[in-house]
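Residue numbers (the numbering used here), protein chains in the order written: chain A, 31 to 595; chain B, 348 to 729.
The set of hints was computed from the structure by calculation and includes no laboratory data.
There may be inaccurate statements among the hints.
[To be verified] Derived DMTMM-like pairs (lysine to aspartate or glutamate); straight-line CA-CA distance at most 20 angstroms: (1) B:K476 / A:D501; (2) B:K665 / B:E717; (3) B:K550 / B:E466; (4) B:K475 / A:E214; (5) A:K332 / A:D501; (6) A:K515 / B:E466; (7) B:K446 / A:E56; (8) A:K424 / B:E425; (9) B:K659 / B:D708; (10) A:K419 / B:E491.
[Claimed, not checked] Over 12 angstroms on every C-beta distance to chain B, these chain A residues come out as not near it, computed from the model: (11) Y312; (12) E492; (13) I509.
Since the model is a prediction, treat every value here as computed from it, not as a measurement.
We put the beta carbon where it would ideally sit given N, CA and C, even for glycine.
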Amino acid sequence: MEQSKTTRMGDKLSVKKKELQALVREPFLLILIILIFLSLLLFSAYPVWQVLKATMVGEDGLDLTIISEQLTSSVFLHTLWNSLKLGMVAALFATIMGFIFAFAVTRTTMKGKKFFHLIALLPIISPPFVIALSVILLFGRNGIISNGLLGLENTNVYGFTSLVLIQILAFFPLAYLNLRGVLESIDPSVEDAALNLGASRWSVFKSITFPLAVPGVLSSLLLVFIKSIEDFGNPMVIAGDYKTLAVEAYLQITGMYDLRSGAFIAIALLLPALTAYFIQKYWVSKKSYVTVTGKPSQGNIKINEKYIVYPLFAFCLLITGIVLLFYGSVVWGAFVKLWGVDNSLTLDHFKYIFTVGFDSIKDTLILALASTPVIGILGMVIAYLLIRKQFIGKKLMEFFTIIPFAVPGTVVGIGYILAFNEKPLLLTGTAIILILAFVSRNVTVGIEAGTNSLRQVDRSIEEASTILGADSFKTFWKISLPLMKPALFSGLVYGFVKSMTSISAIIFLVSVSWNLITVSILSQVESSRMGAAAAYCIILILIILFVISIMEFFVNGGFKKRRES
Amino acid sequence: MEKTTITSKPTIRTPLATKSVSVELKQLVKKFPSMDGGEDFVAVDQLNLKIDSGELVTLLGPSGCGKTTTLRMLAGFEFPTSGSILVGDKDISNVAPNKRNIGMVFQSYALFPHLTVFENVAYGLNIKKVNKKEMIQRTNTVLEIMHLEKLKDRPPSQLSGGQQQRVALARAIVTEPNVLLFDEPLSNLDAKLREYMRDELRKIQQRLGITSLYVTHDQTEAMAISDKVVIMNQGQLQQADSPQNIYIKPKNHFVADFMGKANFIPATIKDCDANTIRIIILNEEITVINNVNFSIQKGQIVDCVVRPEFWKIDNEGKFNGIVRNATYFGNSVEYEIEINGFLITVSDYEHVKNGMKFEGDTIRLYLEEECVSLLEEGRKGV
Chain A
31 MEQSKTTRMG DKLSVKKKEL QALVREPFLL ILIILIFLSL LLFSAYPVWQ
81 VLKATMVGED GLDLTIISEQ LTSSVFLHTL WNSLKLGMVA ALFATIMGFI
131 FAFAVTRTTM KGKKFFHLIA LLPIISPPFV IALSVILLFG RNGIISNGLL
181 GLENTNVYGF TSLVLIQILA FFPLAYLNLR GVLESIDPSV EDAALNLGAS
231 RWSVFKSITF PLAVPGVLSS LLLVFIKSIE DFGNPMVIAG DYKTLAVEAY
281 LQITGMYDLR SGAFIAIALL LPALTAYFIQ KYWVSKKSYV TVTGKPSQGN
331 IKINEKYIVY PLFAFCLLIT GIVLLFYGSV VWGAFVKLWG VDNSLTLDHF
381 KYIFTVGFDS IKDTLILALA STPVIGILGM VIAYLLIRKQ FIGKKLMEFF
431 TIIPFAVPGT VVGIGYILAF NEKPLLLTGT AIILILAFVS RNVTVGIEAG
481 TNSLRQVDRS IEEASTILGA DSFKTFWKIS LPLMKPALFS GLVYGFVKSM
531 TSISAIIFLV SVSWNLITVS ILSQVESSRM GAAAAYCIIL ILIILFVISI
581 MEFFVNGGFK KRRES
Chain B
348 MEKTTITSKP TIRTPLATKS VSVELKQLVK KFPSMDGGED FVAVDQLNLK
398 IDSGELVTLL GPSGCGKTTT LRMLAGFEFP TSGSILVGDK DISNVAPNKR
448 NIGMVFQSYA LFPHLTVFEN VAYGLNIKKV NKKEMIQRTN TVLEIMHLEK
498 LKDRPPSQLS GGQQQRVALA RAIVTEPNVL LFDEPLSNLD AKLREYMRDE
548 LRKIQQRLGI TSLYVTHDQT EAMAISDKVV IMNQGQLQQA DSPQNIYIKP
598 KNHFVADFMG KANFIPATIK DCDANTIRII ILNEEITVIN NVNFSIQKGQ
648 IVDCVVRPEF WKIDNEGKFN GIVRNATYFG NSVEYEIEIN GFLITVSDYE
698 HVKNGMKFEG DTIRLYLEEE CVSLLEEGRK GV
């Protein structure tokens, strides 16, 4: 018995040894893996560790006073509850809205589906607080609805109600996209079978469609919850006295110069966000009923009963109407001299941002364009390593790559200033730190897209390349990467959009020499220069749309002759 | 459409310069660590196998028998736990897969979907940095052999299954590999095309004289294409022999059962000499060839393996039976016949001459005694 056990151990060891030998045979691959490991360790894990350390270690060693102080502070507890409440309410309503939207688009014969879909994407590609800005424009003291239409004076839009409404509108597209994917992948023949057995539309929904979509609903709830509590831009602009963790952490650090309290608040934000993330990733997604068969599913009989379609249509119309109203008011705001007071048209705001404010546009563009290719390629390389290569510590690498994504931006931002404030890693104030933050925070989506698309690529396609004499690098470059093109594209787009629009992490990292648009917009809003803020938003959205279409051109076809598949 | 492009005989203008070598697997073992920390799964167990140069050997067995693992170890995609793989006289068990100079045709063809037919076939030459002129010439030669010239600018998605199959073969042979591996290459084709491509593969393999290892779970395919068939079960070699011997002289119940329908009938040894054995089977005495691989003695009970078509309906036959069931297949009729209370299966390929028999009919049967082989008594159809 003992004997067989030892030989078995020996076999296992020799398998491991052989795997290692295979890697040593490709020394460059080994070096690459080590490099990626080190950078993940340094730029993903280490900063978060620094934040944890800051809450527990003071200048004279272990010091838990901050924790006990905060935990007994009613202000802190109140703020924590505020964030959680906000997250739960926003998650609930955004998911309901997202579900109705997704159901209407995937299951009915409703008209204008494409239009609704495009409008729903708008909040995703725009900077996080455009909606907050437009709420001020519409319902603020000089708002065209509150003051202009209703003649109300001194309305107060700041507070919980506005914040939660804004977040619902800003984050329902996430729920929509998620649930749309889920609803689309439910085998329609299951629903057809229920209809065939005599079930009514309502009982099909109640007993088949909804139960099958429950994992998607849960994951939407969790995702929106995370987004909501992490949100920095909207609460910063509109929350008023309603304190949330992300904003408080920032104010503690930049207003009170209390890094340790800020770090603690950030950790308080980290725990629920991380919990929700891991529940979503490892529990809810496992519950999924979605079976990928690879067979194109037959189009089922779409719902065309008027009494179902019309209310859904009206609902979608209402929501898109509100979204358009909000974005429209921002566009309008950019061309109006002084909102609500002097409504004459002007280009002054654009002149202003192209002269005084041009640096932040330039800086943002340079940094985003520098980060995006790195995000795209690195994402694909890591995806390839994770899916196709065997090496020790693969699970750890996977874990490292999701840290900066699952961890709230506020925590990452604080972690970066803590980690890279001293030599030899003195990076604060440089462009490098911003690029590093962009890359490490946004590479996860590319990796996810890359791993998903690689899983669908028959492994033997790469084996065919190997047996024809190509090493791992050639196989990656000539075979895997071209096959991952759609994933590369979404990695690039996501990386670029997030680099252009994010604020929660980088607001800690901007400096005099490197300032970013989102931070500029925020300071314009804070000094009540709504016109300039609106003009910035518009320029930002235009840049994003422009660059996405250029990327589309280069990645999908363009110069290369397009091959139909 | 498929037919018109492939019925003309392939001609080779510039033969490929493949160097034929032998392959030898010695004491090959592959264990996979189990997920739950229990016993390791032994996928290949002490496998010894020699493939002579230019020979096509088939690994045949049910799924999970270790045939694909063996093939993948030869390709270099799996590392043997122990044992060695010799190509020519060189041990390659530690050589990286991209340095082995082995060609492979994959079950899914594994064509590069983003490259044209020409680019697919030329890929290996480009990787080996063959100069451009030679690359174009060699690629074109192989495309011609495979009748793919007209399709060379198409992406794989615009090809039929049979065409994709030929591109996969072209890509595998263009680099003039020492050994060619086939991983169930025909399993994605429909029945008719499968037979056609099977013969085509065999012709090209013989023409090139390339040493080949072929994996399949289809015994007809294995018999039709191979010089030698190797039956595997649970990681172990069961029998390695010519297709005829595998079919008629199976070495054990597993091989007999796996290669097609077989009657396992108990019999008693009556007498034996160096060349023949006399046995009592179903109360009749017959003489069979003595080629048993186990010791026998008088009075011992053994299992006789009789394929259904080795029974003939014959009025002069020794055996007297009653038809219990008849199934018409077109090219044959299959009967279940009771002889002395024992139920056997009989295939009649001469049913037109013999006439259809029905349930309850009594018939006489003749047994082709030279086609009967003996096995040690044991479990039937393992």
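Hints versus structure:
1. B:K476 / A:D501: At roughly 13 angstroms apart (the allowed maximum being 20 angstroms), A:D501 and B:K476 satisfy the hint.
2. B:K665 / B:E717: 15 angstroms, holds
3. B:K550 / B:E466: Violated, because 25 angstroms separates the two Cα atoms, which is more than 20 angstroms.
4. B:K475 / A:E214: 45 angstroms, violated
5. A:K332 / A:D501: Roughly 49 angstroms between the alpha carbons, so the hint for A:K332 and A:D501 is violated.
6. A:K515 / B:E466: Status holds; Cα separation ~19 angstroms.
7. B:K446 / A:E56: 12 angstroms, holds
8. A:K424 / B:E425: 19 angstroms, holds
9. B:K659 / B:D708: 15 angstroms, holds
10. A:K419 / B:E491: The hint is violated at about 37 angstroms.
11. Y312: Since the minimum Cβ distance to chain B is about 18 angstroms, A:Y312 lies beyond 12 angstroms and the statement holds.
12. E492: At roughly 8 angstroms from the nearest Cβ of chain B, A:E492 sits no farther out than 12 angstroms, so the non-interface label is violated.
13. I509: 6 angstroms, violated
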